[in-house]
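Novice: One-letter residues, chain by chain:
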Amino acid sequence: MRTLLEKSVPLLAWAGFTVLAGALAAILGYIVMRSWAVLHLSLLFGDVAPIDAIFLRHPVFDGLFPAVAGTFLLVLIAVLLAVPVGMAAGIYLAEYAGYRMKSCLSLLFDILAGLPSVVVGLAGFSLTILLHKVFPGKIGPCLLLSALALCFLILPYLIRTTQTALESVPLSLRQTAPALGATKLQNICKVLLPSKLTDILGGIILAVGRAAEDTAVIMLTGVVASAGIPRSLFEQFEALPFYIYYISSQYTNAEELQTGFGAAMLLLVLCGILFLLAFFTQQTLSRHFRR
Amino acid sequence: MGVLFQLAAYGCGLLTIAVLVMMFQLGRPLFVDGQFFSLLSQVWQPGQQLYGIYPMIIGSIRISFLALALSFPVSLGTAFLAAGLAPRPMQRWVLAMVRLMAGIPTVVYGFVAIFLLVPLVREHVSRGSGLNILTASLVLAVLIAPTMVVFFVNGLRGVDQSYCRATDALGATAVQRLLYLQLPQGWPTIVSGVIMGLGRAMGDTLVSLMVAGNSIGVPTSIVDSARTLTAHIALVIAADFASMEFASIFACGLVLYLFTMAVVIGLRMLVHLRTGSDR
Amino acid sequence: MKKYKLLSLLVVLVLQLSVNSAWSGALDPFAGQKGTLKIAGGTAHIPVIKEAAKLIMTANPDIRITIAGGGSGVGIKQVGESIIDIGNSGRKPTEQEIGTYNLHPVKWGIDGVGVVVNPDNPVTALSTQQLQGIFAGTITSWKELGGKDRSINIYDRDAASGTRSVFWKKGLKKSEVSKKANVVVSNGAMKTAIANDPYGIGFVSVGHIDASVAPVSLDGVAPTLDNVKSGKYPVARGLYSCTKGEPSGLAALLFDFLHSPEGRKIVEEKGFISVE
Numbered sequence: 001m002r003t004l005l006e007k008s009v010p011l012l013a014w015a016g017f018t019v020l021a022g023a024l025a026a027i028l029g030y031i032v033m034r035s036w037a038v039l040h041l042s043l044l045f046g047d048v049a050p051i052d053a054i055f056l057r058h059p060v061f062d063g064l065f066p067a068v069a070g071t072f073l074l075v076l077i078a079v080l081l082a083v084p085v086g087m088a089a090g091i092y093l094a095e096y097a098g099y100r101m102k103s104c105l106s107l108l109f110d111i112l113a114g115l116p117s118v119v120v121g122l123a124g125f126s127l128t129i130l131l132h133k134v135f136p137g138k139i140g141p142c143l144l145l146s147a148l149a150l151c152f153l154i155l156p157y158l159i160r161t162t163q164t165a166l167e168s169v170p171l172s173l174r175q176t177a178p179a180l181g182a183t184k185l186q187n188i189c190k191v192l193l194p195s196k197l198t199d200i201l202g203g204i205i206l207a208v209g210r211a212a213e214d215t216a217v218i219m220l221t222g223v224v225a226s227a228g229i230p231r232s233l234f235e236q237f238e239a240l241p242f243y244i245y246y247i248s249s250q251y252t253n254a255e256e257l258q259t260g261f262g263a264a265m266l267l268l269v270l271c272g273i274l275f276l277l278a279f280f281t282q283q284t285l286s287r288h289f290r291r
Numbered sequence: 001m002g003v004l005f006q007l008a009a010y011g012c013g014l015l016t017i018a019v020l021v022m023m024f025q026l027g028r029p030l031f032v033d034g035q036f037f038s039l040l041s042q043v044w045q046p047g048q049q050l051y052g053i054y055p056m057i058i059g060s061i062r063i064s065f066l067a068l069a070l071s072f073p074v075s076l077g078t079a080f081l082a083a084g085l086a087p088r089p090m091q092r093w094v095l096a097m098v099r100l101m102a103g104i105p106t107v108v109y110g111f112v113a114i115f116l117l118v119p120l121v122r123e124h125v126s127r128g129s130g131l132n133i134l135t136a137s138l139v140l141a142v143l144i145a146p147t148m149v150v151f152f153v154n155g156l157r158g159v160d161q162s163y164c165r166a167t168d169a170l171g172a173t174a175v176q177r178l179l180y181l182q183l184p185q186g187w188p189t190i191v192s193g194v195i196m197g198l199g200r201a202m203g204d205t206l207v208s209l210m211v212a213g214n215s216i217g218v219p220t221s222i223v224d225s226a227r228t229l230t231a232h233i234a235l236v237i238a239a240d241f242a243s244m245e246f247a248s249i250f251a252c253g254l255v256l257y258l259f260t261m262a263v264v265i266g267l268r269m270l271v272h273l274r275t276g277s278d279r
Numbered sequence: 001m002k003k004y005k006l007l008s009l010l011v012v013l014v015l016q017l018s019v020n021s022a023w024s025g026a027l028d029p030f031a032g033q034k035g036t037l038k039i040a041g042g043t044a045h046i047p048v049i050k051e052a053a054k055l056i057m058t059a060n061p062d063i064r065i066t067i068a069g070g071g072s073g074v075g076i077k078q079v080g081e082s083i084i085d086i087g088n089s090g091r092k093p094t095e096q097e098i099g100t101y102n103l104h105p106v107k108w109g110i111d112g113v114g115v116v117v118n119p120d121n122p123v124t125a126l127s128t129q130q131l132q133g134i135f136a137g138t139i140t141s142w143k144e145l146g147g148k149d150r151s152i153n154i155y156d157r158d159a160a161s162g163t164r165s166v167f168w169k170k171g172l173k174k175s176e177v178s179k180k181a182n183v184v185v186s187n188g189a190m191k192t193a194i195a196n197d198p199y200g201i202g203f204v205s206v207g208h209i210d211a212s213v214a215p216v217s218l219d220g221v222a223p224t225l226d227n228v229k230s231g232k233y234p235v236a237r238g239l240y241s242c243t244k245g246e247p248s249g250l251a252a253l254l255f256d257f258l259h260s261p262e263g264r265k266i267v268e269e270k271g272f273i274s275v276e
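Chains as they are written, first to last, in UniProt numbering: chain A, 1 to 291; chain B, 1 to 279; chain C, 1 to 276.
Note that these hints are calculated values from the structure, not bench results.
Errors might be hidden in some of the hints.
Stated by the list, open to error - A few chain A residues that don't get close to chain C, going by computed Cβ distances all over 10 Å:
1. Leu4
2. Leu24
3. Val32
4. Leu73
5. Ile77
6. Leu171
7. Ser172
8. Gln175
9. Ser249
10. Gly272
11. Phe280
Claimed, not checked - Straight-line C-alpha distance at most 25 Å; calculated BS3-like pairs for lysine-lysine:
12. C:Lys244 with A:Lys138
13. C:Lys107 with C:Lys169
14. C:Lys54 with A:Lys133
15. C:Lys34 with A:Lys138
16. C:Lys174 with C:Lys244
17. C:Lys54 with C:Lys107
18. C:Lys92 with C:Lys232
19. C:Lys170 with C:Lys107
Unchecked claim - Covered by chain A, per the in silico footprint, the following chain C stretches (three or more residues, Cβ under 8 Å):
20. 79-91
21. 146-158
22. 177-186
The beta carbon of each residue, even a glycine, is placed where N, CA and C say it ideally should be.
Work the whole structure out from these sequences, hints included.
Specialist: Next up, the structure:
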């Protein structure tokens, strides 16, 4: 019985790995295969000259440029909003909070981290309705509200990264500056944070990836299928992941579907790069740390 | 400056609570006189003033548990390789692959599934439309595998090095070490991984929206089309704000919120268990 | 690099020229206008509105038109709540809706709702009774209708859909729809779903029917524009765009455009019957 079990374990292990690797290969292979033919500049800009498109001299209708620009703006705003707040909250948890407050708050942040993104989107949408009641006719689903909801979605990652980074600073380093007369704030800003910069940076990059790929949140708070590049925070916008979802369910011809595969490839590469970047940032750090 | 830090932390905490309050507030038309619980057991038939979310709860549970059941052996197997069975350099490659998978956007999984998996299931398994619980679970199984593998590997590798050396010195094979030392020692982390995987499967919107079929009936078999709580929110979000249909999505939101709370608290209890057993 | 720039300039010039010369008349009123027009609701309307928006935004980049779906019910409610500027509807708004929100529906097209199956499906004609049976779930196999021995996969729309409400009223004669039906979110999604499912059946705006799906004639009448026009095909409806209060500004200009010869050409090109 025992030997049978022991013999079957490697079998299970290799079988499991093969299934997973096979799935990954199928997904990547299929996307690459189907998108290969459309991977050139016209995927982004359609028949408009790239220079004109980028300087907004000519709107792009047959390319992914508005969706890419929309995603870029969205992620930029969300991350700019989330990074200061998330880091501040993380610093508070690691350096200031008492034991009770800390466990209470981290329970809340764990819940926040676990919330399905559609629930966060729903919260953002509720906020839209409330605002709409206060300012009738002025505020509807828009770029700003999507960015706010996304910011909320990535906050827990930033808080947790900052907190664990600060808490892992060795005691010897932690006590040096105060011993020399530095204030607590000086110690945090000049010693503790810089010593863990790569760690925090890795967390931020991961948060960017998370914000870029999320579809459920923006679907509920302001993304539309056709909008062009937003000119203000209160306009609706297009985004890459939503475009992929939209095309998957309602492409009208083979070219549109091809563009959809192109968009999937683009998003895949984008998120892949972000993840690798985060991985290597943290890797260099941990090697540095071990020495 | 310290006050600002405090403000940020309290603000984030309050926002988390505010989400819960908001769900209650906006779903209130449905909650009067304890209707909430009857909602959980009613069917969805807006034409007849029935706004129950029972079919969606069943849909969510079926899909996520089936995904978990499919994903568990695969993830555990992969974790076994990464935590001891495979040769050293390969362990790193396995982990790198898992990390790469974690980086694939959800919508891309759904996109590929529609064109690759749905026709396969339709022609060879279900003879229905191919949009059903099984298809959604298969995709979700792949989606949650990276999360589970990372937890499993951490659990299996987290065993004290001295124990490992002891078993090695006794002449145990890698398989024996895994089975009789690493697995029993690392089980709380493994259970944590399972709970995290379940949470991700339950919380995912896009995959079930795209490939589960979204029918409003209560699913009776795994090749039935079904709608999950998350997909229901995405589908009904655009309804009239004053309607009961609209209020029902807050009931869905609330159920998902409470589920998340249960997951988080369950994980905490596991952590306590682990630190308790160390003592 | 220089060559490339020159070329791109040329392309833009040619594009602008061709656009301007072809559409200059109808698009003239948009010159000098500025602002955003948010449109949502009926999904049958999207191809026409999208094309019109493309022309308008190309002629005048200061105008921004955003287009979302959601369904007719959503369009009506959201325009009523002033969340959007124009709400599209694939059914006539009810008196109550018009009254509560002070809606002004403008009809710019006539459309039908046709039953569609996959082009590989040999079944091309159904009676109303058979249709009712299929959608109620009592007829479950294509074999009963002369097709393959495979179960029928029903595709339905959500409650907010105007296409659905017209189809349910005039096509199904208000009979029951099975709960096992898969639910899709728009006319486009319905077409894609049926095009991909050899054993599926659904209903879609006649204007959306193309080679990717096969129309099914109902009681001997095929869902074509001609039959809709002559009144032979009963499941017909108007395509409306609603504003809250009298249409004004960009919305009024857009409606004028849709009723102009150039606009009507787009409506017809996209498969609908245009109205004056």
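Novice: Hint by hint, say whether it matches the structure.
Specialist: Going down the list of hints, with the structure as the test:
no.: 1; hint: Leu4; verdict: holds (42 Å)
no.: 2; hint: Leu24; verdict: holds (24 Å)
no.: 3; hint: Val32; verdict: holds (22 Å)
no.: 4; hint: Leu73; verdict: holds (14 Å)
no.: 5; hint: Ile77; verdict: holds (18 Å)
no.: 6; hint: Leu171; verdict: holds (56 Å)
no.: 7; hint: Ser172; verdict: holds (56 Å)
no.: 8; hint: Gln175; verdict: holds (57 Å)
no.: 9; hint: Ser249; verdict: violated (4 Å)
no.: 10; hint: Gly272; verdict: holds (28 Å)
no.: 11; hint: Phe280; verdict: holds (34 Å)
no.: 12; hint: C:Lys244 with A:Lys138; verdict: holds (15 Å)
no.: 13; hint: C:Lys107 with C:Lys169; verdict: holds (20 Å)
no.: 14; hint: C:Lys54 with A:Lys133; verdict: violated (32 Å)
no.: 15; hint: C:Lys34 with A:Lys138; verdict: holds (17 Å)
no.: 16; hint: C:Lys174 with C:Lys244; verdict: violated (30 Å)
no.: 17; hint: C:Lys54 with C:Lys107; verdict: holds (21 Å)
no.: 18; hint: C:Lys92 with C:Lys232; verdict: holds (20 Å)
no.: 19; hint: C:Lys170 with C:Lys107; verdict: holds (19 Å)
no.: 20; hint: 79-91; verdict: holds (count 4)
no.: 21; hint: 146-158; verdict: violated (count 0)
no.: 22; hint: 177-186; verdict: holds (count 3)
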